[in-house]
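Residue numbers (my numbering), protein chains in the order written: chain B, 34 to 422; chain S, 31 to 224.
Just so you know, the hints here were simulated from the structure itself, not pulled from any lab data.
We treat Cβ as the ideally placed atom computed from N, Cα and C, and that holds for glycine.
Incorrect hints may appear among the rest.
To be verified - Per the computed footprint, the stretches of chain B lying under chain S, defined by three or more beta-carbons under 8 Å from a beta-carbon of chain S, are:
id, segment
1, 172-186
2, 400-407
What the hints assert, rightly or not - Lysine-lysine pairs mimicking DSSO-like chemistry, simulated, CA-CA at most 30 Å apart:
id, chain 1, residue 1, chain 2, residue 2
3, S, Lys224, S, Lys208
4, S, Lys200, B, Lys108
5, S, Lys207, B, Lys81
6, S, Lys224, S, Lys174
7, S, Lys174, S, Lys143
8, S, Lys207, S, Lys174
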Amino acid sequence: MSEHLRIGFIPLCDATALIVAVDKGFTAAEGLDVELVREVSWSNVRDKLNIGLFDAAHLIAPVAIASSLGLGHVKVPIIAPFGLGVNGNAITVSPPLHAALHDAADGDIRDPLVSAKALARVVAQRKGRGREPLTFGMTFPFSTHNYHLRFWMAAGGVDPDEDVRLVVLPPPYMVESLRSQHVDGFCVGAPWNSVAVDLGIGHILHFVSEILAHAMEKLLAVRQRWADDNPDVLMRLVRAHRRAAAFVEDTDNHAEVAAILAAPNRIGVEPEVILRTLDGHLKVSPGGAYRDDPRYLLVGREGAGRPDPIQAAWLYAQMVRWGQAPLSAEMLAAAKSVCRPDLYDAALAEAPASGEPSPAIGAFAGPAFDPNDIEGHLAAWTIKRDPAN
Amino acid sequence: MAPTLNIVIVDENPIRAAILEDGVREAGYVRVTRIAETSRLLARIYAIDPDVILIDLENPSRDVLEQMFQMSRAVKRPIAMFVDQSDTASIEAAVDAGVSAYIVGNLQKDRIKTILDLCISRFNAFSRLQGELDRARSALEERKVIDRAKGILMKAMNLTEEDAYTLLRKTAMNENKKIAEVAQSVIMAAELFK
């Protein structure tokens, strides 16, 4: 008899491995009868996973960590045996802000350090003229988008809490908010940056892969307890995802994958827009300029499927840096243990990849990240908050 | 009862919001504001300065409310969601019904519990109503289909209305199908033979 599972997801390109695993029958081949449930908010995905309405979920990595640490919400230990996506976000700005950054830049604004310093100058000019601070949209208080925006602008000298406003916006509302000038820019996953460019209301300023070479984004998340109670189902789920990720990464399959994702009950946008994300070939300005980065979104490649505790440590360090979490060795250990490469290895009956070092975070600024020295990471920055109590 | 709480209902569905507002008012709470349009939601909520915020789970703006936890310096009072480790049954019932509550300030738990229970029952009642409405609609649709099929059979086979219906029913029984399904096939066949 096949096992019935309910899995929640948010309509984003980094749910690809999950959607393909189900819609291409890879989960069915493992004897799993998966019902995919499209959700509208990360709060819903988190709550429904936490209370057991979902068996598993497409979850933004910092929410899994926050839930395990009990930050901002109920403490429910969450683990991830599979990584659904690495990178894939982008920072998009309005045409006026793009022009202002261009004018203020001391060099090529495609370089994130140049653009961040240009932002600092634009912020100072606006302050001098008594204008409202710039407003940036991101998806959730505990989100990669929040941390990516903050990391980028703070490296240029912009204090994300004092100099600009950061507001939470649900991904499907980002584009409308940019059009109505409620925000001057945003950081969000695919396909929303491309949608803004196509409408002529936004310029993609940076792919997040330019800010951090390797940034864990979404996880296949389950409750620790559910994993303990259903070890065999978990293994089958991981195997189906691994097959799906390999299928997605074969460029010959991109058109088919884009068609699957474009369905109204999946992501529901034009397949061509999704294809740009999969191909890493993105239109970045309404004028028609394209930028290529095959590492724009990684699904399974470069070890993206194998959840990396170092990535969890980096995200925890950002929570501490911005005053969302206290700094403690216990919390660091709890954050790291959200990522379970051991379960990934067990499911695939592969020898643990201990010989291969994890890919580095590869940030464009600051010293290399040491997952065992969060204090050292924080000491490298002047713009930061006091850790939470 | 202390009906002085200031309550905000965030729901894009006007009927459900009205049902909920009625319930809250019946329970003696008179300061109730409904917000259907969710642009600049936080600013509007800060202006109203509510004690309790009720939001439906189909509303993507729930994530916007979560930001209030992180921005305590922007609000006058602390904000908590109606969840704590000891009360999982309540939150399960609420999420299942499709509603969530955020509490501003330090309200007594039993007071918010009353409101949340009320939300749950009103949301469930709304779902039942919606279900009945859907069923009534599809029953009406089925009747239309059956009437059309009867008309086709009467004309093509020169039957009375009663005989046409009997034929549909007999075929449905033999084929182990619903009468409406057989009627649909009749219509489709008639379209093909046009």
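A quick look at each hint next to the structure:
1. Counting residues of the segment 172-186 of chain B whose beta-carbon sits less than 8 Å from any beta-carbon of chain S gives 3, enough to reach three: the coverage restraint holds.
2. Check on the segment 400-407 of chain B: 0 of its residues sit with their Cβ under 8 Å from a Cβ of chain S, so the three-residue criterion for coverage is violated.
3. Distance restraint check for Lys224 of chain S and Lys208 of chain S: the Cα-Cα separation of roughly 25 Å lies within the 30 Å cut-off, and the hinted pair is therefore satisfied.
4. As the CA atoms of Lys200 of chain S and Lys108 of chain B are separated by approximately 59 Å, the hinted pair breaks the 30 Å bound.
5. At roughly 37 Å between alpha-carbon atoms, Lys207 of chain S and Lys81 of chain B are farther apart than 30 Å, so this suggested pair is violated.
6. At roughly 20 Å between alpha-carbon atoms, Lys224 of chain S and Lys174 of chain S fall within 30 Å of each other, so this suggested pair holds.
7. The hinted pair formed by Lys174 of chain S and Lys143 of chain S fails the criterion: a straight-line CA distance of about 46 Å is larger than 30 Å.
8. A hinted pair counts as satisfied when its Cα atoms are at most 30 Å apart, and Lys207 of chain S with Lys174 of chain S qualifies at roughly 17 Å.
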